[in-house]
Amino acid sequence: MSSTGVQQHLELKNVPQGLASLYSGNVRAVIGRGLLATRSSNWLVMMSGFFEPVLYLLSMGVGLGALVGSVPGPDGQPISYAAFIAPALLATSAMNGAVYDSTWNVFFKMNFAKLYQGMLYTSLGPLDVALGEIFLALLRGLMYATGFTAVLGIMGLLGSPSALLMVPASVFIAFGFASFGMGITSFMKTFQQMDWINFVMLPMFLFSATFYPLTVYPEPIQWFIQAMPLWHGVELLRELSVGAYSPAMLGHIAYYVVMIVLGLVLTTTRLRKLFLR
Amino acid sequence: MPLDSLSGSTPEYVISASNLTKKYGDFTAVDDISFDVPAGESFGLLGPNGAGKSTTMRMIGGVSQRTSGTLSIMGLDPEQHGPQVRAHLGVVPQQDNLDEELRVRDNLIVYGRYFGLPLSYLRPKADELLEFAQLTDKAGAKVDDLSGGMKRRLTIARSLVNEPRILLLDEPTTGLDPQARHILWDRLFRLKEAGTTLILTTHYMDEAEQLCDRLVVVDKGRIMAEGSPASLIRRYSTREVLELRFGSERNTTVAADLQGIGERTETLPDRVLIYAADGEAAMEQVSLRGLRPITSLIRRSSLEDVFLRLTGRSLID
Numbered sequence: 001m002s003s004t005g006v007q008q009h010l011e012l013k014n015v016p017q018g019l020a021s022l023y024s025g026n027v028r029a030v031i032g033r034g035l036l037a038t039r040s041s042n043w044l045v046m047m048s049g050f051f052e053p054v055l056y057l058l059s060m061g062v063g064l065g066a067l068v069g070s071v072p073g074p075d076g077q078p079i080s081y082a083a084f085i086a087p088a089l090l091a092t093s094a095m096n097g098a099v100y101d102s103t104w105n106v107f108f109k110m111n112f113a114k115l116y117q118g119m120l121y122t123s124l125g126p127l128d129v130a131l132g133e134i135f136l137a138l139l140r141g142l143m144y145a146t147g148f149t150a151v152l153g154i155m156g157l158l159g160s161p162s163a164l165l166m167v168p169a170s171v172f173i174a175f176g177f178a179s180f181g182m183g184i185t186s187f188m189k190t191f192q193q194m195d196w197i198n199f200v201m202l203p204m205f206l207f208s209a210t211f212y213p214l215t216v217y218p219e220p221i222q223w224f225i226q227a228m229p230l231w232h233g234v235e236l237l238r239e240l241s242v243g244a245y246s247p248a249m250l251g252h253i254a255y256y257v258v259m260i261v262l263g264l265v266l267t268t269t270r271l272r273k274l275f276l277r
Numbered sequence: 001m002p003l004d005s006l007s008g009s010t011p012e013y014v015i016s017a018s019n020l021t022k023k024y025g026d027f028t029a030v031d032d033i034s035f036d037v038p039a040g041e042s043f044g045l046l047g048p049n050g051a052g053k054s055t056t057m058r059m060i061g062g063v064s065q066r067t068s069g070t071l072s073i074m075g076l077d078p079e080q081h082g083p084q085v086r087a088h089l090g091v092v093p094q095q096d097n098l099d100e101e102l103r104v105r106d107n108l109i110v111y112g113r114y115f116g117l118p119l120s121y122l123r124p125k126a127d128e129l130l131e132f133a134q135l136t137d138k139a140g141a142k143v144d145d146l147s148g149g150m151k152r153r154l155t156i157a158r159s160l161v162n163e164p165r166i167l168l169l170d171e172p173t174t175g176l177d178p179q180a181r182h183i184l185w186d187r188l189f190r191l192k193e194a195g196t197t198l199i200l201t202t203h204y205m206d207e208a209e210q211l212c213d214r215l216v217v218v219d220k221g222r223i224m225a226e227g228s229p230a231s232l233i234r235r236y237s238t239r240e241v242l243e244l245r246f247g248s249e250r251n252t253t254v255a256a257d258l259q260g261i262g263e264r265t266e267t268l269p270d271r272v273l274i275y276a277a278d279g280e281a282a283m284e285q286v287s288l289r290g291l292r293p294i295t296s297l298i299r300r301s302s303l304e305d306v307f308l309r310l311t312g313r314s315l316i317d
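Residue numbers (my numbering), protein chains in the order written: chain A, 1 to 277; chain B, 1 to 317.
Any given hint could turn out to be false.
Here are the simulated BS3-like pairs of lysine-lysine, each with C-alpha atoms no more than 30 Å apart in a straight line [claimed, not checked]:
1. A:Lys273 with B:Lys138
2. B:Lys151 with B:Lys138
3. A:Lys189 with B:Lys23
4. B:Lys192 with A:Lys189
5. B:Lys138 with A:Lys189
6. A:Lys273 with A:Lys189
7. B:Lys220 with A:Lys273
8. B:Lys192 with B:Lys220
9. A:Lys273 with A:Lys114
10. A:Lys189 with B:Lys151
11. B:Lys192 with B:Lys151
12. A:Lys114 with A:Lys189
13. A:Lys114 with B:Lys151
14. A:Lys273 with B:Lys23
15. B:Lys142 with A:Lys189
16. A:Lys273 with B:Lys151
17. B:Lys142 with A:Lys114
18. B:Lys192 with B:Lys138
19. A:Lys273 with B:Lys192
20. B:Lys220 with B:Lys23
If you're looking for bench data, these hints aren't it; they were derived computationally from the structure.
Using the sequences provided together with the hints, build the complete structure.
Have a look at this one:
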């Protein structure tokens, strides 16, 4: 076997001392693998993630919106009902895409394809794997968000230039859900348990001030909704959609920062526990 | 921290384990084992299923945390420096875990990427490894379409992509037909000749005899004996073995009548084994006592006999 300086490439990049057992600074390889594998995946399934919010927008926003008329926007100015629910649908699609990728896909790779076992027998550490998988989920989220925002632009539902910030903001929201979703999935052992994820996501979609303002609820329920992650995403995007900046926005952002950090810690700890026993 | 050998001084042993112990709750999978492996050696862990071989392998790879003891792989603790240690390991797990979403050649390239290796190195390397694994004409095939033996060869080829200094092989030929096993052995033998350190677990004695310079016999997490296959056979068994079958009912009853023939007898459910330096002479004595076995066979002692002697049980149950 010819040896063409393979050893020099095997020396690790500068990895912080404390992370030496978890991380090799090679997230790229995990992402590269994911992109190559998408070639063989089902494009129809991937496209469905784009069409879902568009269908909701047409049926609820345009259809139901004809009955509702205009509603007060986040800054108090009246906006069309479609423009009111569009940011919420975008936030939901960011959530769904990220959760699908980080739960079902990860569940399969973890338990059936044994992909991570193979990866973790190389120089890769669990943090490389977690970051790489989450990045892939975000890439998909970015594609959906860009597509949906383009549709909104075509339909004339973007009320302000700052509405374009909804695209990076949705990726940010997706990051929170993806890092948490992957951590949660690591506890799942059966398909029945996986169904619980849908059981949480559907009500969150329906009740997180998606289709009507939070104020319709009695106060205790408002608090509960405000503790849920999707509500913060909906509010953040809704404010961006009309350019109504408020201090509350910082709260929403902080919520996701915490979610991302906790999710990453949880995922890495769990991957370590599962595969590096 | 660089590896010892990268900084110039080659360590005496590439693997050094002392008092290695692994417990899962109350169950002790690996019980206080110690061994050292010098570079270039082919070292085997021979024992039945559940003896703790795979757990030992996983600890060497740094994917299992030991309960106590010390372990040093090329001078590094695999628990503290997992990614760095694994950069120089090749791993063939007991069950193939090839990437079924990728094609055959891409499996090799992508796996090499996990080690941070550049494509300029990996492209020719992948072709070289496909050649080595006799899979060149399957380069573009789906993994799912490969036979069991081909998958195993691809897994071995994949484990070589980083030109490992230590190759860990966990039951490399279990589940393969005899022809596929021989092809695999041939490939492993070439690696051994090229100077790769092989660490091999197996419950096949012929595999251990073919491939191992030195081995430890493990049972219930403990090392029962250590040495080269030939020296273990010399130490724990006789030169020849006479196998007699009297039919399942009579095997036990006839054992008493065989007392005194050879050095030792061993009664198994399906046959009686007589350990003797000269099998022919022992057979004559059996005939002289008027015993008529249904079948008789004289063979050389094997590691199976060593294991039976040490544990009172056979390797494959």
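Hints versus structure:
1. A hinted pair counts as satisfied when its Cα atoms are at most 30 Å apart, and lysine 273 (chain A) with lysine 138 (chain B) does not qualify at roughly 37 Å.
2. With a CA separation close to 11 Å, the supplied pair lysine 151 (chain B) and lysine 138 (chain B) stays within the 30 Å bound.
3. Simply put, lysine 189 (chain A) and lysine 23 (chain B) have alpha-carbon atoms about 23 Å apart, close enough for the 30 Å limit, and the pair holds.
4. Proximity of lysine 192 (chain B) to lysine 189 (chain A) is assessed by CA-CA distance (about 40 Å); at most 30 Å being required, the pair is judged violated.
5. Distance restraint check for lysine 138 (chain B) and lysine 189 (chain A): the Cα-Cα separation of roughly 35 Å exceeds the 30 Å cut-off, and the hinted pair is therefore not satisfied.
6. This hinted pair checks out: lysine 273 (chain A) and lysine 189 (chain A) have alpha carbons roughly 14 Å apart, not beyond 30 Å.
7. Simply put, lysine 220 (chain B) and lysine 273 (chain A) have alpha-carbon atoms about 25 Å apart, close enough for the 30 Å limit, and the pair holds.
8. Only pairs whose Cα atoms come within 30 Å are accepted, and lysine 192 (chain B) paired with lysine 220 (chain B) is accepted, the gap being roughly 29 Å.
9. Proposed proximity of lysine 273 (chain A) and lysine 114 (chain A) is supported: the alpha carbons are some 15 Å apart, at most 30 Å.
10. Our distance criterion of 30 Å between C-alpha atoms is met by lysine 189 (chain A) and lysine 151 (chain B), whose separation comes to about 27 Å.
11. Annotation: proposed proximity of lysine 192 (chain B) to lysine 151 (chain B) holds, straight-line Cα distance about 21 Å (limit 30 Å).
12. Distance restraint check for lysine 114 (chain A) and lysine 189 (chain A): the Cα-Cα separation of roughly 14 Å lies within the 30 Å cut-off, and the hinted pair is therefore satisfied.
13. A distance of roughly 15 Å separates the Cα atoms of lysine 114 (chain A) and lysine 151 (chain B); the hinted pair therefore holds under the 30 Å criterion.
14. Our distance criterion of 30 Å between C-alpha atoms is met by lysine 273 (chain A) and lysine 23 (chain B), whose separation comes to about 15 Å.
15. Proposed proximity of lysine 142 (chain B) and lysine 189 (chain A) is supported: the alpha carbons are some 28 Å apart, at most 30 Å.
16. A threshold of 30 Å between alpha carbons decides the hint, and for lysine 273 (chain A) with lysine 151 (chain B) the separation of about 29 Å falls inside it, so the pair holds.
17. For the suggested pair lysine 142 (chain B) and lysine 114 (chain A), the alpha carbons sit about 17 Å apart, so the restraint of at most 30 Å is met.
18. With a CA separation close to 25 Å, the supplied pair lysine 192 (chain B) and lysine 138 (chain B) stays within the 30 Å bound.
19. Between lysine 273 (chain A) and lysine 192 (chain B) the alpha-carbon distance is near 34 Å, which puts this suggested pair outside the 30 Å criterion.
20. Proposed proximity of lysine 220 (chain B) and lysine 23 (chain B) is supported: the alpha carbons are some 12 Å apart, at most 30 Å.
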